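Please model the complete structure; the sequences and the hints are all you need to start from.
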Amino acid sequence: MSTVKLTVNGKAVAVDVEDRTLLVQLLRDHLNLTGTHVGCDTSQCGACVVHMDGKAVKSCTMLAGQADGSTITTIEGIAKGDELHPMQAAFRDNHGLQCGYCTPGMIMSAIDIVHRHGGQLDEATVRSELEGNICRCTGYHNIVKAVLDAAGRMKVSQAAE
Amino acid sequence: MGVEGIGARVVRKEDKRFITGKGRYVDDIKLTGMTYAHFIRSPHAHAKVRKIDSSAALKMPGVVAVLTGQQIVDDKVGNLICGWAITSKDGSPMKMGAWPAMAPETVRFVGQAVAVVIAESKNLARDAAEAVVVDYEELPAVADVHAAIKSGAPQLHPEAPGNQVYDWVIGDEGAVNAAFAKAANVVKLDVTNNRLAPNAMEPRAAIADYDAAEEHFTLYTTSQNPHVARLVLSAFYNIAPEHKLRVIAPDVGGGFGSKIFIYPEEMVALWASKKVGRPVKWTGDRTEAFLTDAHGRDHVTHAEMAFDANNKITGFKVKTYANFGAYMSLFSSSVPTYLYATLLSGQYNIPAIHAEVIGVYTNTTPVDAYRGAGRPEASYLIERLMETAARQLKVDPAELRRSNFITQFPHQTPVIMAYDTGDFNASLDAAMKAIDYAGFPARKAKAKADGKLRGIGVSCYIEACGIAPSKAVGSLGAGVGLWESAEVRVNPVGTIEILTGSHSHGQGHETTFCQLVAERLGVPISQVSIVHGDTDKVQFGMGTYGSRSAAVGLTAILKAMEKMESKAKKIAAHALEASEADIVIENGEFKVTGTDKAIALPMVALAAYTAHNLPDGMEPGLKESAFYDPTNFTFPAGTYICELEVDSGTGKTSFVNFVAADDFGRLINPMIVEGQVHGGLVQGIGQALLEHAIYDANGQPVTASFMDYAMPRADDVPSFNLSHTTTLCPGNPLGIKGCGEAGAIGASAAVINAITDAIGKNNLEMPATPDRVWRTIHAA
Amino acid sequence: MYQTTYHRASSVDEAVSLFGKSSEAKFLAGGQTLLPVMKQRLASPSDVIDLGKIKELQGVELSGDTLTIKAATTYYDIMTNADVKKAIPAIAHLTSVLGDPAVRYRGTIGGSIANNDPAADFPAALLALGATVKTNKRSIAAEDFFQGLFTTALEDGELITAVSFPVPAKAGYEKMRHPASRFALTGVFVAQTKSGEVRVAATGASQSGVMRVPVIEAALKANWSPAAVDGVSISANGLLADIHGTAEYRANLIKVMAQRAVSAAG
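Chains as they are written, first to last, in UniProt numbering: chain W, 1 to 161; chain L, 1 to 780; chain D, 1 to 266.
To be clear, the hints were calculated from the coordinates, so they are not data collected in a lab. Note that the structure is predicted; figures quoted are calculated from it, not measured. Backbone N, C-alpha and C fix where the C-beta goes; we use that ideal spot for every residue, glycine too. The reader is advised that the hints may include incorrect statements.
Distance condition first, Cα-Cα at most 30 Å in a straight line; then the derived DSS-like pairs of lysine-lysine [to be verified]:
#1 Lys122/L x Lys5/W
#2 Lys16/L x Lys48/L
#3 Lys85/D x Lys155/W
#4 Lys5/W x Lys55/D
#5 Lys11/W x Lys55/D
#6 Lys53/D x Lys5/W
#7 Lys76/L x Lys95/L
Derived, one-sided and incomplete: chain W residues facing chain L with beta-carbon distance under 8 Å [unchecked claim]:
#8 Gly35
#9 Asp41
#10 Gln44
#11 Phe91
#12 Thr138
This is the structure we're talking about:
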């Protein structure tokens, strides 16, 4: 057992876990942040993507111990109160989700994509950048639309800040 | 159409919880005192279970119990059933091999459970599972249908000699033979419809909670149809009588058919919860999903089509071998028979059709309904055959289709189905226009000049949806009726709850069903909530599959609404001292037509519940229910055309354009309908290009993770160009046909027709992997 | 995952010392391969020693004609590094098509080559560029480092600290992705050194792991152009075959990817 200390969604936490605990297990089982999902065993589906120190990582492919001392943001932590993150709003407005299971990972990956590419996004880039996130419902069409839409909204909201 | 009424692109009410991480899926639920199950599964495709030694595991920390197949049989938990009886051509019933929830004696596919460890945590259960020693005696196994029916093949079930489930026929063989005898041309095709793994992104999961004092079970499960689950668990598996079993399907992360069925894991969790006296949770991982979720498709077919001198189809004969895997799953028997062969007329006027379907057991994961269920197999066969015929007869593939279209409705096909309405020319025209079909030869020539192989492929599909008229399916062997139920509760303050037996696992019912209420009452959808997925709340329902939620489920809601409105109008008329016939409902008010007299819905509701001043003899309250049983299937149809390029160096396919023109009847929410089409198209494209659940000759699965089974990714598929050509369904008052499966039914033939057009060779099996396409291009 | 003990090392010396004290330790770099294997219970190290926070293992240095990438530098940091893009853009490109974005944030060059997966991308770059693998004990030429499937010259407890690449005159990398895993079904790295030597390495193709392709090297030595490879014949003998690619197909891909890599290299 080890004590893992993290900042999760702005809150400092210390959790005693077995060393074999994955970051996603710490989030789901110990912190009850069940928005982060597990959809595969081979690090491919991306349902578990969270941000660690601002970068989108697969929380199923990290030991909780590796995240010790870092800042984690999950799907539960990106809205400002009742105000949705522009990516969340774009997924809703473009019908970028159906069953919702892959959605948290998609949104967390998509925010990272926009952060890295800024205004340089086009459809082909978005499709290529979504390689690590699998969706079985939407056929990706509306997810791609949502990411492109959000890229514009995020630029506007950054400019406003 | 109001801003939130029928036909409006309303954003989904349910999205807020999903985009903020507040969805509530089964694995998100924790109960006090909960234990965790890990199944011990056979590594062999076929083996005797000689002995299970749990002694070491039972001594490990945190282990609560190790339970075996023999114990579940001893406790008289029923064997799994198949709910649709099919009769062979010799009059004998289908041959059912016994399928206990955990195997006491014989395992017949890799992944079949033989025992379960219950422990204090998931990790501890898995640790202990490795200490359970199972002594297997390996038996010869068979995975391929043709190998399985050979004499001397390993036999799976004593009940099914020769591994044959049934040999079923439909149609008039004599008429077909006569047509072939007179044919000017005969076109032949052999087709394999590749086995698929459904892979809903949420793996299956179950939590069972037994209350000893009440002798009552609660089951949280990943189900598309919780009431059917309760019915089967109660009536056939002896878990508990229905009033002692509550089944809850909360948010469910996709189904595509695979979550229709009641699986061994749910039965075991319930049984084990009573045995250990604590809640038991099982959450599958992706590998377990590959091994145990019912697979889809897996047909091997030879077909021949007869044409007269004018290129009119005169006869069609089909022989299909359907691989059912090791056991007959819940609705499996109906898939290659009544959901497949009854659609073999496609969009075409075919005077004579005969089909024979031979169901076969193999040592593989059971096969059942997966998005489209039989109809994709039929559509792929017909549309590959039409393309092959056009090439053989040297006519334009679109025009060959057009000249054989059914144009008069209703149309009785020779294979049971009576198409009620449609306009196949309209959808073909729309798709051809959208893709500039006329301009394709010039584009192909230009691509050729640039060193590219470009192709175009047409697919005109039809499906039978809105499953289904109870009387009709009952006469064909179904064990259940396929109506739907609904209840409308208007609360005293005027808010409305709609209780439905349909289940949403991505389809957006919480929005579309509210739109009907908004349309009829003129109230905002925020005043309406949809209640589903809980057998304690909703009286009964048949669930969501077969594109039935709108055509059947929503119609049931409409019927209940009409009853409620009728009563509410009486109350309003009484309050307004007007005639009931003069009351109209607008913008949430009951108005006396032609006057300014009106009473708002909340006041009507309040009057209904205070009951201070109701018409004489009227019962208090404002709550009505209805059961709706459709009179016919619905027949969505359309045309998909795709244009693509093949890289001759690598065999890789890249899409240039993909258009879809669908006739779904009336659309409640076009945005949601489009989403259904997009998702279906990608599942169809996935089947055509990427996906294949493969076994080696000994029944070992080769594709049991996303490392080997190719799921469509965002960069594998294009954006789509969708349109709708609408003929209203005459069979239900809303004119709805259903849209959930069309994409998966129609897409794969369009893709293969386009690739074979691009490479100039007609024989190409799915999935058309780059390797396979490259070898086909370069084959002598 | 089996029980294991997690350690975070702050220096190479500490990592090596922790390794020596454990019964069956594994170094954990980005963990993008090791952790999935441990999750499936296919590996059961008693201890995992995390290298992710060791500063001396991070970063890129360009010095004269040598580009040195420290072992625990992530793919993302390699891909976006200005020196990498300037000196050997083919490596930046290779890294940009390796894994997916989340994997690229975590995975490291050291982890990739230590694992020597036969379908990994980096081994092809090392072999084609004639790189040198630096460890806490010695320097190993790429030729000597890769010794077949999942096998390297590393001794027990030996830790990769950096990889040094001679800056080539030209280099290119192209791969055909495996449709499911997205590893290289076959990838080919072509390089022309500043002294005019041509080296070509293929990954994902051979049953023996990453390999040089002498026939293509000879063709390109004579004429550095895609067309020069047209007449080359690659034998399917000894090549991998699976459900996504026959040996013949992979033989074809070696040729086609080499041609496209030459085009990309310019």
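Status of the hints after comparison with the structure:
A distance of roughly 23 Å separates the Cα atoms of Lys122/L and Lys5/W; the hinted pair therefore holds under the 30 Å criterion. A distance of roughly 51 Å separates the Cα atoms of Lys16/L and Lys48/L; the hinted pair therefore is violated under the 30 Å criterion. A distance of roughly 27 Å separates the Cα atoms of Lys85/D and Lys155/W; the hinted pair therefore holds under the 30 Å criterion. For the suggested pair Lys5/W and Lys55/D, the alpha carbons sit about 21 Å apart, so the restraint of at most 30 Å is met.
For a cut-off of 30 Å, the pair hint linking Lys11/W to Lys55/D stands: about 27 Å separates their Cα positions. Taking the CA atoms of Lys53/D and Lys5/W, the gap is about 16 Å. The hint holds against a cut of 30 Å. A distance of roughly 22 Å separates the Cα atoms of Lys76/L and Lys95/L; the hinted pair therefore holds under the 30 Å criterion. With a cut of 8 Å, the hint placing Gly35/W at the interface with chain L holds, because the nearest CB-to-CB distance is about 2 Å.
The beta carbon of Asp41/W comes within 5 Å of a beta carbon in chain L, closer than 8 Å, and the hint placing it at the interface holds. Given the 8 Å rule on beta carbons, the hint for Gln44/W holds: about 4 Å separates it from the nearest Cβ of chain L. The restraint placing Phe91/W at the interface with chain L holds, with a minimum CB-CB distance near 5 Å, inside the 8 Å limit. For Thr138/W, the shortest C-beta to C-beta distance to chain L is roughly 5 Å, which falls under 8 Å, so the interface hint holds.
Hint compliance for this structure: hint 2 alone is broken.
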